[in-house]
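Trainee: One-letter residues, chain by chain:
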Amino acid sequence: MGVNSLKHSDLLDTYDPEEHRLRISIFAISMAVVLLLLLVHLWYLQIIKGQEYKHLSENNRVRFLDVLPARGLILDRNGILLADNRPSYNLAVTLEDVPDPDALVANLSKILDMPAALLEERINKARNVPFKSHRIKSDIQWDELAKIETNKLILPGVSIEIEPRRNYVLKSAASHMIGYLGEITLPQLKSGRYTINKPGDQVGKSGIEKEWQVSLNGQRGQRQIEVDAAGRELKELSHQDPIPGNNLYLTIDIRLQMVAEEALRGNAGAIVAMDPRNGFILAMASSPAFDQNVFVRGLSSGEWKDLVNRPDHPLENRAIQGQYPPGSTFKIITAIAGLEKGVITPDTRLSCAGSYALGNGVYRCWRKEGHGSISLNRAIVDSCDVYFYKVGQKLGVDNIATYARDLGLGQVTGINLANEKPGLVPDREWKVRRFKESWQKGETLPVAIGQGFDLATPLQMAQVISTMANKGIIYKPTVVAQIEKVGGGGVTKIAPEVLRHIDASPRNIEAVRNGLLGVVEGGTGTRAKIPGIKVAGKTGTAQVIKIGKIRLKLQQLPYKYRDHAWFVAFAPYDSPEIAVSVLMEHAGHGGSTAGPIAKRVIEAFFALKNNSKEWEQTLQALLKNYTEDPGDLANQFHEARSHVD
Amino acid sequence: MLIDRRLINNFDWLLLMVVLIIASIGVLNLYSATFSTYGGIGQRIYVKQIYWVIMGLCCMIASLSFDYHKFQSYAYPAYFINLFFLVVVLVIGRAISGSQRWINLGFFSYQPSESMKVILIMVLAKYSCLNEVKDGYSLRDLVTPALLVLMPAVLILKEPDLGSAFILVLLSSIMFLFVRIKWKTLTLITISGIAAAPLAWHFMKDYQRNRILTFISPDNDPLGAGYHIIQSKIAVGSGQFWGKGFLKGTQSQLKFLPEQHTDFAFSVLAEEWGLMGSLVLILLFLILVLWGLNIAQRSRDQYGNMLAFGVVSYLFLEIVINVGMVTGVLPVVGIPLPLISYGGSSVISTMISLGILMNISMRRFIFHSAGSGQETS
Numbered sequence: 001m002g003v004n005s006l007k008h009s010d011l012l013d014t015y016d017p018e019e020h021r022l023r024i025s026i027f028a029i030s031m032a033v034v035l036l037l038l039l040v041h042l043w044y045l046q047i048i049k050g051q052e053y054k055h056l057s058e059n060n061r062v063r064f065l066d067v068l069p070a071r072g073l074i075l076d077r078n079g080i081l082l083a084d085n086r087p088s089y090n091l092a093v094t095l096e097d098v099p100d101p102d103a104l105v106a107n108l109s110k111i112l113d114m115p116a117a118l119l120e121e122r123i124n125k126a127r128n129v130p131f132k133s134h135r136i137k138s139d140i141q142w143d144e145l146a147k148i149e150t151n152k153l154i155l156p157g158v159s160i161e162i163e164p165r166r167n168y169v170l171k172s173a174a175s176h177m178i179g180y181l182g183e184i185t186l187p188q189l190k191s192g193r194y195t196i197n198k199p200g201d202q203v204g205k206s207g208i209e210k211e212w213q214v215s216l217n218g219q220r221g222q223r224q225i226e227v228d229a230a231g232r233e234l235k236e237l238s239h240q241d242p243i244p245g246n247n248l249y250l251t252i253d254i255r256l257q258m259v260a261e262e263a264l265r266g267n268a269g270a271i272v273a274m275d276p277r278n279g280f281i282l283a284m285a286s287s288p289a290f291d292q293n294v295f296v297r298g299l300s301s302g303e304w305k306d307l308v309n310r311p312d313h314p315l316e317n318r319a320i321q322g323q324y325p326p327g328s329t330f331k332i333i334t335a336i337a338g339l340e341k342g343v344i345t346p347d348t349r350l351s352c353a354g355s356y357a358l359g360n361g362v363y364r365c366w367r368k369e370g371h372g373s374i375s376l377n378r379a380i381v382d383s384c385d386v387y388f389y390k391v392g393q394k395l396g397v398d399n400i401a402t403y404a405r406d407l408g409l410g411q412v413t414g415i416n417l418a419n420e421k422p423g424l425v426p427d428r429e430w431k432v433r434r435f436k437e438s439w440q441k442g443e444t445l446p447v448a449i450g451q452g453f454d455l456a457t458p459l460q461m462a463q464v465i466s467t468m469a470n471k472g473i474i475y476k477p478t479v480v481a482q483i484e485k486v487g488g489g490g491v492t493k494i495a496p497e498v499l500r501h502i503d504a505s506p507r508n509i510e511a512v513r514n515g516l517l518g519v520v521e522g523g524t525g526t527r528a529k530i531p532g533i534k535v536a537g538k539t540g541t542a543q544v545i546k547i548g549k550i551r552l553k554l555q556q557l558p559y560k561y562r563d564h565a566w567f568v569a570f571a572p573y574d575s576p577e578i579a580v581s582v583l584m585e586h587a588g589h590g591g592s593t594a595g596p597i598a599k600r601v602i603e604a605f606f607a608l609k610n611n612s613k614e615w616e617q618t619l620q621a622l623l624k625n626y627t628e629d630p631g632d633l634a635n636q637f638h639e640a641r642s643h644v645d
Numbered sequence: 001m002l003i004d005r006r007l008i009n010n011f012d013w014l015l016l017m018v019v020l021i022i023a024s025i026g027v028l029n030l031y032s033a034t035f036s037t038y039g040g041i042g043q044r045i046y047v048k049q050i051y052w053v054i055m056g057l058c059c060m061i062a063s064l065s066f067d068y069h070k071f072q073s074y075a076y077p078a079y080f081i082n083l084f085f086l087v088v089v090l091v092i093g094r095a096i097s098g099s100q101r102w103i104n105l106g107f108f109s110y111q112p113s114e115s116m117k118v119i120l121i122m123v124l125a126k127y128s129c130l131n132e133v134k135d136g137y138s139l140r141d142l143v144t145p146a147l148l149v150l151m152p153a154v155l156i157l158k159e160p161d162l163g164s165a166f167i168l169v170l171l172s173s174i175m176f177l178f179v180r181i182k183w184k185t186l187t188l189i190t191i192s193g194i195a196a197a198p199l200a201w202h203f204m205k206d207y208q209r210n211r212i213l214t215f216i217s218p219d220n221d222p223l224g225a226g227y228h229i230i231q232s233k234i235a236v237g238s239g240q241f242w243g244k245g246f247l248k249g250t251q252s253q254l255k256f257l258p259e260q261h262t263d264f265a266f267s268v269l270a271e272e273w274g275l276m277g278s279l280v281l282i283l284l285f286l287i288l289v290l291w292g293l294n295i296a297q298r299s300r301d302q303y304g305n306m307l308a309f310g311v312v313s314y315l316f317l318e319i320v321i322n323v324g325m326v327t328g329v330l331p332v333v334g335i336p337l338p339l340i341s342y343g344g345s346s347v348i349s350t351m352i353s354l355g356i357l358m359n360i361s362m363r364r365f366i367f368h369s370a371g372s373g374q375e376t377s
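Same order as they appear, the protein sequences are chains A and B.
Using this note's numbering, you'd call the opening residue of the first sequence number 1 and step up by one each time.
Using this note's numbering, you'd call the opening residue of the second sequence number 1 and step up by one each time.
Rather than coming from a laboratory, the hints here were simulated on the basis of the structure.
Small disclaimer: the values here were computed from a predicted structure and weren't measured.
Glycine residues also receive a C-beta, built at the ideal position from the N, C-alpha and C atoms.
Treat the hints with care, as some may be off.
[Unchecked claim] From chain B, some residues computed to sit far from chain A (all C-beta separations above 10 Å): (1) 9; (2) 50; (3) 74; (4) 88; (5) 107; (6) 127; (7) 142; (8) 196; (9) 234; (10) 235; (11) 282; (12) 290; (13) 319.
[Said to hold, decoys possible] Some but not every residue of chain A turned toward chain B, in silico, with C-beta under 8 Å: (14) 22; (15) 23; (16) 31; (17) 38; (18) 359; (19) 363.
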């Protein structure tokens with residue numbers, strides 16, 4: 001120890017053991033207090049705030065992911081698939097796994113044929129969530145998918161996500177009736193009708209898709225997963241399967257629907273075919289139509305504007321939203337009202353001299369030379385205007401209105417389709433309310449023949465003619481025949497719903513029916529005659545504007561001033577199975593343009609019923625308008641068997 | 001060298017026991033911190049830590065095997081060599097997480113700032129012996145030791161390693177306080193220290209300023225700098241009383257915790273073992289600190305006394321700063337928790353300082369007899 005120990009001895013001179021002990025104690029106590037304070041702080045964090053932090057740690061690690069249910073299928077009455085769900089392939093990028101974003105943009109831009117700037121913009125949006133896959137393009141095409149799969153090696157960080165998407169198998173078939181899907185809007189979310197939906201969901205925007213949204217949607221399932229700090233999924237903690245939506249079997253026969261659509265092609269108009277025995281809609285066509293798949297793909301705002309602003313309004317379902325003056329088809333109602341009010345009997349003869357003068361006005365019959373003295377039957381068969389002017393004059397507008405409403409006009413039919421229009425039945429009270437003017441005598445006359453203020457939808461007129469066919473029963477028009485719960489949940493059949501029996505005696509109804517038969521057998525509607533089937537019907541030509549005294553030929557008028565053509569019909573006369581209403585916008589005379597179309601639909605109906613061989617070929621030809629692969633559907637058509645009756 | 005029988009008899013088994021228990025807890029905790037059910041960073045970290053502990057124990061034995069008074073002769077040379085390494089690290093040090101703190105020696109990355117802490121203790125202990133004053137240091141007395149502290153501190157600050165520089169300054173301040181400083185001097189230093197704070201702020205790097213701002217209010221930036229503090233507090237707090245169980249800490253296993261095998265290792269322990277686990281570890285540290293002060297007190301020479309006190313202060317500061325930092329009461333400055341955080345430099349310098357403590361502990365009687373012998377002569 002030598003030198004060192006000597007030094008120590010020097011230092012010890014100043015050493016005071018008591019003072020030293022005190023100093024050590026002060027530091028010992030101070031250090032112990034600081035460590036105990038740390039313990040107090042730990043106690044505060046782990047005990048006092050422990051529950052709160054426990055909750056926060058659970059929030060950190062547990063994520064709830066929704067599993068979307070498969071939307072219910074839509075099928076026709078024979079089980080032919082109209083709307084299903086196809087896998088859609090979405091391209092996503094996980095930035096964390098991309099070594100060189102610029103190279104990725106260049107490669108993707110080539111494969112997807114997308115401008116690099118747009119791609120870059122979308123990829124940049126992923127910067128906030130580098131560990132999560134971020135969607136760059138939705139619903140890529142098959143050839144794009146193939147190219148991406150084969151080039152996977154040069155596309156690190158790119159993944160394909162699969163998502164179900166609505167697919168309308170027969171593009172544009174029954175498009176208005178079936179409707180389409182779109183992303184749920186904020187007002188819809190707030191409305192309280194969409195309790196099972198969340199932002200970003202695809203929901204029905206029109207037609208059956210909208211009206212049956214809740215039934216078709218199904219219940220979403222949920223996955224509870226554990227994630228790490230980077231948000232990567234590690235394992236599934238729990239799983240609740242989604243409940244798929246219900247499958248809907250419609251009342252329509254898609255084959256008849258296609259015939260109806262084909263008959264309208266090139267014209268604006270609508271056809272409604274209905275079973276008069278139960279109110280089931282057999283076909284409901286509106287022209288022009290649109291391809292619903294375009295909406296699934298997603299429309300740009302420009303495309304949407306084009307669709308909405310087109311003058312021929314392809315999105316409008318004319319069958320329930322188009323309101324037209326019913327023209328002479330309204331004479332059915334005036335006749336029933338006249339008979340029931342005792343203004344006429346079936347045998348009452350009134351004379352027509354080609355026009356009828358009332359006050360200062362002269363009201364013309366379509367036949368300048370007049371019909372002479374005719375009975376009700378003849379007046380219906382020849383659609384004499386003057387006869388019905390006189391009946392209407394005797395009834396007064398309020399009586400006409402009562403029977404028009406009884407037969408279903410001026411109110412929605414209650415069909416389960418969105419945005420149905422009520423039409424219009426004018427009466428005195430309405431006139432005062434609407435124009436603050438009292439009803440003028442002369443205004444009753446046009447109303448009696450379905451001109452003037454009268455407005456009806458093709459569906460309402462189908463209901464009127466159906467009521468004539470079934471001798472007085474108003475059914476609620478129905479589009480869904482049965483609801484099938486997926487997974488053995490059973491089938492609910494929709495029962496026909498009788499709304500009411502009209503206030504008319506069988507004798508009077510028979511008198512009008514008789515007239516309707518005469519219309520086709522030898523009157524204004526002979527163009528609808530079908531050999532072997534007794535067809536009854538009524539023509540109608542609805543004036544769009546008053547042209548004055550001289551009626552111009554159709555071709556001489558500008559399109560928008562041309563008359564609308566109506567034809568309503570049912571068959572067979574003795575035990576009706578189908579009632580049809582045809583409306584063609586600006587097509588001129590009802591008997592000559594709408595009549596043959598009604599005939600075509602009725603013919604098709606019976607041919608399909610009898611499995612006619614020649615019709616099969618016609619249908620196959622039609623299929624080419626709806627699908628690129630008609631073969632498989634043709635087979636389905638061949639084997640079509642009704643699920644409804 | 002000859003081994004005195006009395007040395008074996010006086011060996012501080014209690015201290016060794018406490019150290020071994022803490023080191024075992026540390027290894028076990030590191031096993032969990034890097035366990036990762038789902039793959040990820042190396043699972044061999046805890047094995048490496050075992051190697052470091054074994055190597056540290058060797059260093060500990062080496063540092064207790066000769067009389068601690070011999071350190072006096074080597075203190076200044078070691079200090080200047082270490083200072084040289086601090087310069088080297090600034091020049092060629094390998095860049096790790098934005099700061100240059102390491103010299104790569106192949107088998108391990110040597111961190112001169114860690115060894116400097118131990119060497120500074122020796123230097124200051126020696127200085128206090130050579131310059132004994134009766135009624136405390138005056139400002140003039142403090143000039144030399146202040147330079148001894150500030151030279152390495154500034155170099156370390158340049159790395160930049162704010163936490164280690166801070167520890168050096170704090171450590172030496174506590175040692176000076178222990179030796180005693182004149183009241184007048186103390187007041188003067190305190191006031192000028194407060195006045196210099198804005199100047200220090202001015203020279204800080206942005207991330208260092210951020211850490212201090214974030215410490216003051218972590219919720220201002222919950223996804224950025226505040227994230228570490230918030231996640232660590234969630235980990236610690238969610239452990240509650242009994243903890244979530246070994247390997248079952250969600251914050252740690254799912255990597256919500258930052259730096260969970262180094263600076264935030266304590267959070268893993270607190271999450272998985274709860275308040276009970278934290279309590280046991282802190283109490284073990286408390287035993288270590290109090291036993292160390294006891295050693296200081298029983299060592300009847302100024303040098304051993306100062307050396308022991310310096311070592312205890314060093315351990316104490318690291319414990320308080322690390323636990324305070326992961327529980328959100330102190331800013332995040334990157335100080336490891338002795339024997340709990342992973343890291344070769346930290347384990348070895350901790351073990352060497354504990355070895356010094358044992359050295360003092362086992363030689364107090366030898367010195368006592370020698371000292372009293374000289375007193376009587």
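Trainee: Evaluate each hint against the coordinates.
Mentor: Each hint, compared with the structure:
1. 9: 20 Å, holds
2. 50: Answer for residue 50 of chain B: holds, closest chain A Cβ roughly 27 Å.
3. 74: With a cut-off of 10 Å, residue 74 of chain B remains clear of chain A, as the shortest Cβ separation is near 12 Å.
4. 88: Check passes; 32 Å lies beyond 10 Å.
5. 107: 32 Å, holds
6. 127: Per Cβ check, residue 127 of chain B is outside 10 Å of chain A; nearest 12 Å; holds.
7. 142: 18 Å, holds
8. 196: Answer for residue 196 of chain B: holds, closest chain A Cβ roughly 25 Å.
9. 234: The assertion about residue 234 of chain B is violated, with a minimum of 5 Å to chain A.
10. 235: Incorrect as stated: the minimum Cβ-Cβ distance to chain A is 7 Å, not above 10 Å.
11. 282: Residue 282 of chain B not clear of chain A: closest Cβ-Cβ about 5 Å, inside 10 Å.
12. 290: Non-interface label on residue 290 of chain B violated, nearest chain A Cβ at 6 Å vs cutoff 10 Å.
13. 319: 7 Å, violated
14. 22: Given a least distance of 10 Å, the restraint on residue 22 of chain A is violated.
15. 23: 7 Å, holds
16. 31: Holds. Min distance 5 Å.
17. 38: 5 Å, holds
18. 359: Nearest chain B Cβ about 83 Å off; hint violated.
19. 363: For residue 363 of chain A, the interface hint is violated, since the closest Cβ of chain B sits about 81 Å away, which is over 8 Å.
Hints 9, 10, 11, 12, 13, 14, 18 and 19 from the list above are not met by this structure, while the remaining hints are.
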